[in-house]
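Protein sequences appear in the order of chains A and B.
Here the first sequence stands for residues 1 to 467, where the numbers follow the numbering used here.
Here the second sequence stands for residues 1001 to 1316, where the numbers follow the numbering used here.
Keep in mind the hints are simulated off the structure, nothing from the lab.
What you are looking at is a predicted structure, and each value in this text was computed from that prediction instead of being measured.
Among the hints, a few may not be true.
Computed beta-carbon distance windows for the label pairs [said to hold, decoys possible]: (1) Arg-1189/B / Val-50/A: 34 to 44 angstroms; (2) Arg-1275/B / Leu-46/A: 50 to 60 angstroms; (3) Leu-1079/B / Val-394/A: 48 to 58 angstroms; (4) Gly-203/A / Arg-1275/B: 30 to 40 angstroms; (5) Asn-189/A / Asn-1226/B: 47 to 57 angstroms; (6) Gly-193/A / Leu-1079/B: 37 to 47 angstroms; (7) Asn-1226/B / Thr-303/A: 38 to 48 angstroms; (8) Glu-242/A / Leu-1079/B: 31 to 41 angstroms; (9) Ser-1174/B / Thr-356/A: 48 to 58 angstroms; (10) Ile-309/A / Leu-1079/B: 38 to 48 angstroms.
Think of the CB as a built atom: it goes at the ideal place given N, C-alpha and C, for glycine as much as any other residue.
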Amino acid sequence: MKRLVLVSSLILCAASGVFGQQPAESRASGIHQADDVPGEQRMTALEERVRTLAEEVALLRGELKALRDAKSSEPSSDGRVLLASSHVEPGMVGSSSASAPPEALASQLPQTQASGGTQLQTYGGATSNAKLLNPDISLIGDFIGTAGRNAVSPSPSLQLHETEVGMQAIIDPYARADAFISFGETGVNVEEGYVTFTSLPAGLLLKVGKMRAAFGKVNTIHNHALPYIDRPLVTNNLVGGEDGINDAGMSLSHFIPAPKGWFMEGTAQVYRGDSDDLFNSYRRQDLGVVGHLRGYRDLSESTNLDLGISYARGNSAGLAAAPNPSTFFTNLYAADATLRWKPLRRAIYKNFLFRTELFWSARDQLSALNAFQTQHAFGMYSSAEYRLNRRWTVGGRFDRSGHAANANLTDTGFSGILTYWPSEFSQIRGQYRFGRLAVANPGDFSNANEFLFQFLFVMGAHGAHPF
Amino acid sequence: MHRCSFGPRLTAVFTALAFSMSLLGPLIARADSKLKIITATTDLASLAQEVGGDKIEVESIARGYQDPHFVDAKPSFLLKLKRADLLIVVGLDLEIGWLPPLITQSTNPKIQVGAPGYLDASRFAKILEIPTGQVTRAEGDVHPLGNPHYWLDPENGLRIAKGIADKLSEMRSSDAAYFAQRYADFEHRLKQADERWLAEMKPYAGRKIVTYHRSWPNFAEHFHLNVVGYVEPRPGIPPSPQHTVELIHLMKRENVKVIVVEPYFDLKTPNAVARETGAQVLVLPPSVGGEKEITDYFKLFDYDISKLKQAFDAAH
């Protein structure tokens, strides 16, 4: 139907083009009257033109057919079905639809339904059949600039901090997989790559692969999804730096029966036991474990409370030279609380989030005198963000953290953050950061005053927003 | 001795009892319990309710006054999804920002994408604005599979209801006759209502309107309205001063007197445009539940059409 209309309108257009030119040409020829030779030339020119037009129509017809074939698995848009009794008066807008032959309609409906199944294999992003089975591919660029003074942990003035390629797809009826490969300034790193088994019995959710451990909140969030440019001081001091607890292993979660109105989930994870400068696996049997318990409650339609406690254990890193490194452990405990407010009617303009996380670290290590000792350090951050309107968000963060290996050294800092969103797919952010950073001896501090700015851009499929 | 042998026997009896209960339990539950349906939006919930009657329990994740593109994937939804027998989604990437993680984490094999309990309503509907040629985000947040606001055409409502009725019959064949009868009744009532709506809107055929977001192509096509512009410069992009000026010129030139705004958008720009052009800003819910009195699919059109009529009449 659509093809017919298109082809006929093409012919019409072409014809009107030809006829539209005719008067002009005849006027032109009127000047040289009774001139037979140009008349003949005109006829042959016209014939030539009609031939090329016919060729063009045939070509377009072929292209249309190809397009149509490629589209046939999508819900057909040209099957203009009408309610049998709807009154469409001739001459009204869209009355052409009334002339859709019922046979065409009948043949289209089953086709649409039969092919619907294949269309649902991926989460969007694909536009033609050929791409339907490709994973959803996205790329997130994270450009960071830094100015100001920081004598303790300086960062480069300008850097493409990270380019994260994400690939996500449903593997089969029982599983889906997510992979995030991050290209940094120093190399390539599989930030996460795991398969999630969604159809296990007994309500279990199993993830296998390399992943960010379910240790608190900020540890699970990718750099580009953070509400700040950097990570809190405590992440660097106690929880293994930028990548945090991020290791190869397995994760099992289960909903826990809870009082009415509460959602509770328990997660148990086993890892190889290697996470940056936090955990190190000295022997194959030196595994790391992480446990997380989450409680969530809707306080109202627009307000909710999210609480969690976490535990992580592994062998302390950096003790390869110690006599029996497998007996040195780092135990980490954490508690997190998040309060969100987002009025549903104005969700894209106004919202507020307050989050605080507390961390306790107990690290076995060798003292300066090569004796076994355990350092007990505490760290925390509190952050708030408020969306002013569709494009602007302001935020702040307070940091305080001891050093894992030397609990007497404590860093303190605060940040102010301003974010601008040109669209959902790009983000510009500025952050002022002050740090009172401990150096070498307790009581010695170095002040850091820095201004950071960040450009984030997203290509490709929509990633789901983390909650 | 006597006492000792009693223990294992009792245990065996209890075990057998528990085992048979666990086997019987689902069977008993299956016979008279309602099918639990979760829908992405309230409109799908209303359509499911129409054909499912008292054989189903249905609940929507998004509220009618909420932007269905931006819903938080709250864990409280997980508990509902975990218990669901059927999940009905709008599809066409409308829920891409929040539904996939909910489905994955629901630990419910029945509603995983492609499983029998996952129903994409867009399969049944007539879809408009499917982009042809190259699709880029220079056009804003385009939906490569077509405009997902397709439920705002009663004909699509009927098609979706048919799809749901077929699915329900497939899942609960013992009630197939019930669902078929419910559908036939719904079809009859909807056709009658549609006749009335079309008649009410007939005097306004061809009227030009401006809408905030591209939520209304199916509605406009069915009721013969002419959407000539949008407050958003591109889908999902907030209004810009330059575009607003162009829009004002366009509305003056085309003599557009009505600006339709979805309830979840800010009214500042539409009000400013209205002041400049003498047009009226009309907050029109695109979904069931968008206003308190819009309790089902019929009332959605009743409400929207009466509001539109008032606005068009006031423009004269």
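How the hints compare with the structure:
Our hint of 34 to 44 angstroms for Arg-1189/B and Val-50/A is violated, since their Cβ atoms are close to 55 angstroms apart. Between Arg-1275/B and Leu-46/A the C-beta distance comes to about 57 angstroms, which sits within the given range of 50 to 60 angstroms. In this structure the hint that Leu-1079/B and Val-394/A lie 48 to 58 angstroms apart at CB is violated, the actual value being about 34 angstroms. Distance hint for Gly-203/A and Arg-1275/B: a CB-CB separation of about 56 angstroms, inconsistent with the stated range 30 to 40 angstroms.
Remark: the range hint 47 to 57 angstroms for Asn-189/A to Asn-1226/B is upheld by a beta-carbon distance near 54 angstroms. A hinted range of 37 to 47 angstroms for the beta carbons of Gly-193/A and Leu-1079/B is inconsistent with their spacing of about 29 angstroms. In this structure, Asn-1226/B and Thr-303/A meet the distance hint of 38 to 48 angstroms, their C-beta atoms being roughly 42 angstroms apart. Restraint check, Glu-242/A to Leu-1079/B: a C-beta distance of roughly 34 angstroms satisfies the suggested window 31 to 41 angstroms.
Evaluation of the 48 to 58 angstroms hint for Ser-1174/B and Thr-356/A yields a pass: the beta carbon distance comes to about 53 angstroms. In this structure the supplied range 38 to 48 angstroms is violated for Ile-309/A paired with Leu-1079/B, their Cβ-Cβ distance being about 20 angstroms.
Figure legend: structure checked against the earlier numbered hints; hints not met, in rising order: 1, 3, 4, 6, 10.
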